[in-house]
Every structure is written in structure tokens, then in C-alpha cells.
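Enquirer: Those sequence lines, one after another, are chains A and B.
When we follow the working numbering, the leftmost residue of the first sequence carries the number 1, and every step to the right adds one.
When we follow the working numbering, the leftmost residue of the second sequence carries the number 313, and every step to the right adds one.
Some hints here could point you the wrong way.
[Said to hold, decoys possible] Label pairs and their calculated CB-CB ranges:
1) A:E146 x B:I596: 47 to 53 angstroms
2) B:L634 x A:N204: 17 to 23 angstroms
3) B:W342 x A:N228: 41 to 47 angstroms
4) B:Y643 x A:K206: 30 to 36 angstroms
5) A:K206 x B:D356: 51 to 57 angstroms
Read the hints as simulated data drawn from the structure, not as lab findings.
Predicted model only: the values in this text are computed from it and were never measured.
Backbone N, C-alpha and C define an ideal beta-carbon position, used for all residues, glycine too.
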Amino acid sequence: MYKYQYIIIIILISYFSSAFGEALFGNEKNDKNIIWKAGLNRYIIFEKQDSGKFGKNDHPVNFESQDIKYALAALSIPDDSFFSLDDDTVNIFTVQQIKLLSDQLPKGFSNARPDQDIIFVLEKNESGFLGLDESSFIAGRMFFKEGRLNLIIGEYEFFRSKAFESFYDGSGRKAVPYSFNFGSRTRDSKNFDEIFINLPGIENKKANKIRHDWFVIDLKVAAKAYVNRENRGTESIQDKKLEAEAAKLARERRLMRAEMARMRKEMQEDNNGGASAKSIEERIATLEQLLDKELITKEEYDTKRKEILNDI
Amino acid sequence: MNKSKLLIAMAVASLVSSQVAVADAGGDNWSISGWINEALTYYDDGTGSDIVQNSDNGTTLGSRITLAGSTDITGGLTAGFEVILEPSDTANVLGLGSSGIDDNQNAHDIGVLGNSFNLSGGFGKVTVGLQSMPTDNIAVLEDPSLTLWASISPVFRGNGQTITGLGAGATNTTWGSFLQCLTVPGLGIGIDCNGIYRSGIRYDLPELFPGVSIAVAYANDDVYDANLKWKGEMAGLNAQLALGFATNQAGGTNAGGNEADMFAIQAGLMDTGTGIFGSIAYQIEDADNTAPTCAAGVTCGTGDDTDAYWLKVGIKRAFNSLGDTSLAFQYGSYNDQYGAGTTAAVAGTIQAGTNAISGGAALVANPGIVGSEVERIGFEVNQYFGSRFIMYGVWENLDLDVDCSSVACTTAYGGADELDTFTLGGVFFF
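Just chain A, same shape as in the assembly (with noise of 0.2 angstroms):
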């Protein structure tokens, strides 16, 4: 047999098997289940509730993008960083990932069926010490009860092993079937130790003791109290700078006039003879600069001056 027919057998081989591959392995039913999907861990796509104690969801739901987006965003836990100050705290998505989820899920959601939940793994990529790249993963799963958006945070910050992955993997598709926890209705994940929701219209699931990875979000509250506390902190930031405008003009106020104070007790004393007593040059030195500091006008400096020229 030829050498080029040996090649057109392995092309039909590969074409064949990979067929016979895929109907068997059901890959089309894997694409319906699909949202959004960019690489092996990264996704968001539909599958069967984890439990069914809790009833069926309320799906399919209808819901404005940014409802969601704000909801997402008032999201946070304190900041425990190296360098951040008691006070700080981190959204729990970043602006990247409230962006995705807030296009995908409202279709995601019209779509749904009750006995669906939604499921995401997100990867969230930070520049770190020396430029290095830094990587991880959150992971959780989200459905509707009682008109109300249930979020479960199975995993954050799950570490992403890039070592590992180029081991695993050298295609470089870095396809490493990690097993993330998409969070449960039963198991509490035990992510987060505190929140700080501060919000009308989230709340932790409150069951036997308060499930800290799970939120109930009334969306159209959430948001509407996440805009209005926005508005309220951009007047506040803006109120704070006349403020501090105007303390500064008032503490500039009070500087020149001690220092006008303290040029005319001098000038006082030079007309007196007294200890300070200064010549005729300082005199009008000093008066000129009373004058660059506008602390007195061009009429009562021509007057002094005039009566320190007398002097002579």
C-alpha cells in the first residue's frame, strides 16, 4: 500500500472515532446544559438540583441584567490582606465576573427548568509581588425559591496550580479537571466566616444557624438600595470637599492675619525706637511684602511708606 494512503486511513480513523466517541458519550447533551463556557474550568451551565428537599425552584424566571449586577456587587467580605486597614473589605466578584454573570444569567434563567440549578466555576486572574501572575477560582450554584435569587458559594479563591497544570497538561490547555464544590443546600461550605452585607434585600439563609455561604437576594430591593447607597456616597464625597475647601480657606484666613498682626506690631516698635527697632530699608521691606500678601492695600502702603521716608 502507498505511503499517502496510509495517511488518508489515520485522517478517517481520527474522523470516525471521534463520532462514534462523542454519540456515545453523549457530548451533544453536554453543549444543552451549556451557558457559557471558555475552557475545561471555566463555565457556567445548568444541572440537575443537588437536592430535592427544598422543593422545586421557581424557574423559568425573567429578570433585568442589572438587577443582578448590582446585587452582585454589594457582595463583599472584610480584606485581609497584607496591606489593607481594618476597615477594608474585597467584593467577593470581581468587576469581570459581575459583568459575565450579569449578561448570562438572565438567559441562563429563561431558560430554566425547575428542577435545574445554575452552577458556575469563574477564575479570577491578579497581578501579584514582582508582576507574577496569580490565579483562582470561585465556584457556586444559584437558583430561584420564593421569588427570591439563592446564591451558594461553594469555593473562593481556590488555588490554581499552574505547575501542576503544565504537568498535568502539556498541550498547554492547562486541562486539569479540578474538583470544585459548587456549594450545597444540605453541607454548608464553611467559606466565609463573616460577610458584610449591609443591604436591604440580602440576607445569609437563615436554617438551624446562619449559612454564611448563602444568599437570598430580593433583586429588585438589592439593587434598588445598592444605587441609591452609591448616590448617597457620591453626594457625601462631594459635600466632604467643600467641607475640606472651605476649612483650608478658613486656616489660610487666620495665618494672614496673624501674620499682618505680627508685621504691624513690628512696625510699631520701629516707630517707638524700641528694641526691634529696624532700618529704613527693613522698614520698607517689610512693608512691601505686607503688601505681596495683599495684607494691606496699595493706599495704606503709599501712606506708610511715606511716613517711614519722613522718618529719614
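Please build the complex by placing chain B on the supplied structure of chain A, with the hints as guidance.
Expert: Below, chain B alone, put in the same frame as chain A:
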């Protein structure tokens, strides 16, 4: 058409037919990452026992520091590099071999495990340099629990340990003497017989079909290999499959022949709901039994083929708030890996095998070894602490059985003691 040309033809065919872009090629970036793996091991070899602190897991999963980076260049191409440094016990520098449970080990050194550059784009990825080849770890990585540091199919723990209980003429024989590879002699331990980084060129095809990856390579000297991997779902379970084929056209030292081939496969399944998982690995080697220096009528190359299999089953889930916990049982059987012969010393005798792995003495030219089996059983517990740190505890037992065709052989190898190791180790990822 010989095997090497077949592999090249497959690569060219796929290259010509591919249109799929490689994912994740964007921007400039660089990273330093890796892990540190250390352990305490208690061993009992039937004669003595001791506790030893050793770097664990040999080359495959031993400590490493990976420096890697990439940059976008013109024409939709991405260029990258990777340098892997391996800090380990001095005896394991460059990763040849593995833990000998060395009581006297008190120094570490650092070697270069890998050093390569790569170009990637819509055509796939080409890597040149010292690197992991396609069949490296084919029978290792498809454990869906990823609890690799506790146990994998190669026999790392104890392969450099001397077997006790042997008879006269079999002194200094190590467990590794019966875990030798034919295809790439001295560079695999039981399973994973093309298992170290090699200097060569590797081509990873673009993702032609969802979940499928294919790679082919050439390495010094005249070693060609290829793999096919698949990941997906099967009957609601996460499934993984890897197949690898390697051929050593130069024959290799142990083979004493013209060619040695290796085929390996590993499959893994995991139910993410319950956490139950299983993985099975199988490897077969075939060496060309024609040794030109063998005299006529003399059996030459006693290890003309070997086979080995290993399986691991267990459960992995979050039982506590610390992170995932896994419990697993393993069993392995490594057959006829006592090494192929060299030249016939005496007509009618069986040649000695070499013992390149552990550095111990070669198997003494004892007549009569016609087969061997090393059995391994083990039980392990892994505890994740978040996603950066794993602690593991594992018990493993090695048992040797040698088939002999002579009394002298039976005397020498019939009374081997078992080796028990209890290891407590940790892996920190950074």
C-alpha cells in the same frame, strides 16, 4: 510502514486538517509556581525497621519549582518557555530513580528537570527542549481524585530498598531489580516506562474534537511516542481516558535488541455527587528478542515482554470543614520486569538483568529466572486543607514472587521478605 513513520504521518495529517485554535493564548505573562513534597516514612523490610525523612515520590511528583511565561508574537502566535527545577534528596538529582528510603540522607540538591520553549497557535503547539513526552505519565494522571501524591501506578516507595531474605548469590538485589522497564531502560519504575523528561521535540495537535487531545514526539535517542487523551462525561460520571504508545528504535540497554515498544492505558471515573472514584492503569512492553551478541541456542533477553496493571478505588468528598478528604485502596501487579538479558555468559544460562534504577548491583547471573511478579497493595488517606495543602498517610506492601526453572534460582530468590512502608507526607502548592 514502520511505527515511527506512522506516527509522523498521523501528526502531519492532523496538522493539515486542523482549523481549531488553541485556547488560552493571550497577553504577556509569567509565573513562578510549584509544590514542595516531603514525607516521613517508617519501613519494615522483614529484617530491620527505621523511620526516615525523605523527599517523597521521586521525579514525577517530587518537589518542583516551575518558571514559565508566554508572550504574543506576530501572526497569532504565542511563544512561551518553561524551566522546571527540582529540589530533592541528593541521590535523586535529575530525577533518575526514586526514594531508596535512605537512612543517611541529609543533604539536598537541585537539578533541572525541564527546560524548553514552545510556539503555539491555531496549528497547535510545538515544544523543543528537555520536557515531558506524550507517553510520560499516561498511566499516572488519569486518577480523577487527583490524590496522586499518596499513590500512583509507578512504584516509587522502596524500589531502591534492598530485598531481604534472599539466598546466596542474590545479595544487594533491590525491589527495583524486579520493576525494570525495557523500552527506556532505567527510566521507569514498574509502570510509566517512558517516565522522565527527555530532550526532544513534541507536537500537540489542536483540539480537533471536544475533550480529545493528541500529541506526538521524538526524543533522544530514537524514541518516538504518541498519546491520545479524552475527558468528558459518561453515564453522568466524570470520565478520563489516556492511551500512549512509545517505541525505542535504538533498542535500549536492557532490551539488548533492535527495538522495544510500550503501550499504556489508564482510565478513570468519578461520581462527583457521591465522590466515589476509580482508576485503572495497564502497561505492556515488547522487546525485540534478537540480541546479536547472543550465541545460538542460548536464551537471550529473558524479559522480552512485560506487563503491569494497577488500580485504585476510593471516595473523595468534603467530610469536614477543612476541605476534601479521600480514602482509597490500591492494588498493583508488575510482571516479568526483571530485565532483559545482555550477552550470554555461558551457554544454557539466563543472563543477568541490569539494575540501572537504584544503582544497586545487577541481578546476579543466576540460572533459572523465567518470570517474576511484584505485588503491591496499599491504603491511603488524603486530607486537603483548602486548595493549597494536602496531607496524606499511606501504607504500602510489596511482595515478590519469582518463577524459577532451577534450584539455584529458587534458593536465591525464593525467600524474599515483604516490605512494608508507612508514609506520612505533605504537599504545599504555590
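Enquirer: Each hint needs a verdict: does it hold in this structure or not?
Expert: Hints, one by one, checked against the model:
1. A C-beta distance of roughly 59 angstroms is found between E146 of chain A and I596 of chain B, which places it outside the suggested range of 47 to 53 angstroms.
2. Taken as a hint, the range 17 to 23 angstroms holds for the pair L634 of chain B and N204 of chain A, whose Cβ atoms sit roughly 22 angstroms apart.
3. Between W342 of chain B and N228 of chain A the CB atoms are about 44 angstroms apart, so this pair conforms to the stated range of 41 to 47 angstroms.
4. Separation of Y643 of chain B from K206 of chain A is about 48 angstroms and departs from the stated range, judged on CB atoms against 30 to 36 angstroms.
5. Between K206 of chain A and D356 of chain B the beta carbon distance is about 54 angstroms. The supplied range of 51 to 57 angstroms therefore holds.
Of the numbered hints given earlier, the model fails hints 1 and 4; all others are met.
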